[in-house]
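Chains as they are written, first to last, in the numbering used here: chain A, 1 to 128; chain B, 129 to 589.
Among these hints, one or two may not hold up.
[Claimed, not checked] Below, in silico cross-link-like pairs of lysine to any residue (SDA-like), each with a Cα-Cα straight-line distance of 20 Å or less:
1. A:Lys44 - B:Gln395
2. B:Lys509 - A:Leu111
3. A:Lys44 - A:Thr83
4. B:Lys509 - A:Arg114
5. A:Lys52 - A:Leu71
6. A:Lys70 - A:Ser80
7. A:Lys52 - A:Thr83
8. A:Lys44 - B:Phe541
9. A:Lys70 - B:Phe579
10. A:Lys128 - B:Phe579
Since the hints were derived computationally from the structure, they do not count as laboratory data.
Fair warning: this is a prediction, and the values are worked out from it, not measured in the lab.
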Amino acid sequence: MANSHYEPPKQSAFGQLVDSVFLLILVFAALFAPLYLKLAGGGKVDLAVADKTTWTGLGQSAVQQAQWEKLGFTPDTAASIITSRFDYSFSVTELVITAVVIVGYFVLLFLFSRTEYRDVIAERFGRK
Amino acid sequence: MTQTTAVHGEKISLLRVLGPGHVWALGVGIVLVGEYMGWNFAVGKGGMIAALIACWVAGLLYTCVAMIDSEVTSTVAAAGGQYAQAKHIVGPLMAFNVGLYLVFAYTMLEAANAITLGYLVQTVGTMAGFADVHDKPFIVLTIMFLAWLNYRGVYATLTVNLVLTAVAFIAILILFASVKPWSNELLDHKDMLNGLPYGWLGVIASLHFGLWYYLGIEGTCQAAEEVRSPARSLPLGTMTGIMTLLIAATMTWYVCSGLMPWEYLGQAVTPLFDAARLTNSMPLMVLLFVGTVFSTLASANGCINDASRAWFSMGRDRYLPTWFGAVHPKNRTPYRSIVFLVPVALVFAYFAPLDQVITFSILSGLLGYTYMSFNVILFRKKWPLGTIKRGYIHPFHPLPAIVLLVLCSATYFAVFLGYGTQLVAMLIFFVVASLWFHFHRYQYVRRGDQFTMQWPRPQGY
Chain A
1 MANSHYEPPK
11 QSAFGQLVDS
21 VFLLILVFAA
31 LFAPLYLKLA
41 GGGKVDLAVA
51 DKTTWTGLGQ
61 SAVQQAQWEK
71 LGFTPDTAAS
81 IITSRFDYSF
91 SVTELVITAV
101 VIVGYFVLLF
111 LFSRTEYRDV
121 IAERFGRK
Chain B
129 MTQTTAVHGE
139 KISLLRVLGP
149 GHVWALGVGI
159 VLVGEYMGWN
169 FAVGKGGMIA
179 ALIACWVAGL
189 LYTCVAMIDS
199 EVTSTVAAAG
209 GQYAQAKHIV
219 GPLMAFNVGL
229 YLVFAYTMLE
239 AANAITLGYL
249 VQTVGTMAGF
259 ADVHDKPFIV
269 LTIMFLAWLN
279 YRGVYATLTV
289 NLVLTAVAFI
299 AILILFASVK
309 PWSNELLDHK
319 DMLNGLPYGW
329 LGVIASLHFG
339 LWYYLGIEGT
349 CQAAEEVRSP
359 ARSLPLGTMT
369 GIMTLLIAAT
379 MTWYVCSGLM
389 PWEYLGQAVT
399 PLFDAARLTN
409 SMPLMVLLFV
419 GTVFSTLASA
429 NGCINDASRA
439 WFSMGRDRYL
449 PTWFGAVHPK
459 NRTPYRSIVF
469 LVPVALVFAY
479 FAPLDQVITF
489 SILSGLLGYT
499 YMSFNVILFR
509 KKWPLGTIKR
519 GYIHPFHPLP
529 AIVLLVLCSA
539 TYFAVFLGYG
549 TQLVAMLIFF
559 VVASLWFHFH
569 RYQYVRRGDQ
579 FTMQWPRPQG
589 Y
């Protein structure tokens, strides 16, 4: 039942710097790359309307038209907002890949955590 | 991360002085900004009605979060909230990931607050005749100023936060009363409501931004060590906080959906301020301008506080370089963590669109909620009822965990619809970071020090 104590190595200042820079690069790369490569924010499509230069052509009622104008818009400046729609079409393959990535990530987390947790419990309570 | 723990750094007991009212104020204070911006992107993804359904479904999701978190946190009454829970219940790698979820959820929220503030100043400047006003300097100034405040010490600013939040909440109530919701004088839902433009798929898609109404309410449980009676105060404060937000969110939706076309509302940066503009009332415009500024400042300030303390805690536990675990000798703040996270917030606030920044914040929160559903099941399995003293036992276990997992899965699908690239990119980041931790960083972690609760050995180990 003897507790085997693990004494971690001391990390050098340079090692700490490398770890910090690595994390920073990882954060920017993973979170900012989709934006930089213009892959972010899903597909949008333009809704076909009768006439983009008039409120009626854009499908706006008189009440809606009044509110757009109060907000400082004209049919020309509002057209891109009114006609923009999300494109929710997707391939099943993409959905399955995304699901596998999510499930795989959590499986990885719990499996590795379990191994590490055994070390923690063994040192805290002693080996069985 | 609780304030006192971070300041004093090491194992010093915190004062148990907080009641349910404080817990309520803490939760609503962090989250209220969600009524001022961001929620309305749910309208863009599914339409007005879809956004309202998403608001209520997200309310159910957060009710499950609050029930589960109240039990675990009132038992793991250690500073650090979900991060400390993961260390004791799942393991170091999970705790490392939960720490990152907290850091990113709060840092991205901070960036979103700065973007909103900058945009608002630009809008008001243009309305006042200063057409050349640019939002970017205000974004940078906001982040730098709040980071400086946090660097110097935040006791006073966190107290002021409560006042700012109260003003922002009262502003919503006044706006609601002023538009005379009992009449059609200003509101015109008949003309503005548009059904379900994307059908029921749009309802699921809008769940993505529906989370924004409440994101961060689980932060109430960060105060577990400072609450007089965790068993009573945590569930009561958190649940009343959710109810308050649910009422405020419904009022916000009702006002905005009756005043502006859904296409505009679905992409607006400052929807409540826009609602005030549409009433033609200058006092209301000023009030909602002040409310928006106050809510964004209060939220951003709290975000810097929480994110830096999560980063600091991971440094102190050696999950990150120990350099981050330092406390300023004079100001007693985790100054290196505060400074390190400034460029991350700045880059996102400066270059990224608001909806993308909010998506990153929501995704971090969503991963955390998914973890919670597994966490409570493991918690009950490793320490069944009766083996340790629990502050609060949530009813109907494991139903809340199952409902939470189902709603989280639906929200992953909602994010996939329109923002699938960010979802995958973020998961790749967490996979790479996890591999880095397990195969490299973990060698520097002291094993036994990760478990500090006076509990018996977990069953199965």
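Results for each hint:
1. A:Lys44 - B:Gln395: Distance ~13 Å between lysine 44 of chain A and glutamine 395 of chain B Cα, so the pair holds.
2. B:Lys509 - A:Leu111: holds (17 Å)
3. A:Lys44 - A:Thr83: Holds - the C-alpha atoms of threonine 83 of chain A and lysine 44 of chain A are around 10 Å apart, at most 20 Å.
4. B:Lys509 - A:Arg114: holds (14 Å)
5. A:Lys52 - A:Leu71: holds (18 Å)
6. A:Lys70 - A:Ser80: Holds, because 18 Å separates the two Cα atoms, which is no more than 20 Å.
7. A:Lys52 - A:Thr83: Holds, at roughly 9 Å.
8. A:Lys44 - B:Phe541: holds (17 Å)
9. A:Lys70 - B:Phe579: violated (60 Å)
10. A:Lys128 - B:Phe579: Judged against 20 Å, a Cα distance of about 17 Å means the pair holds.
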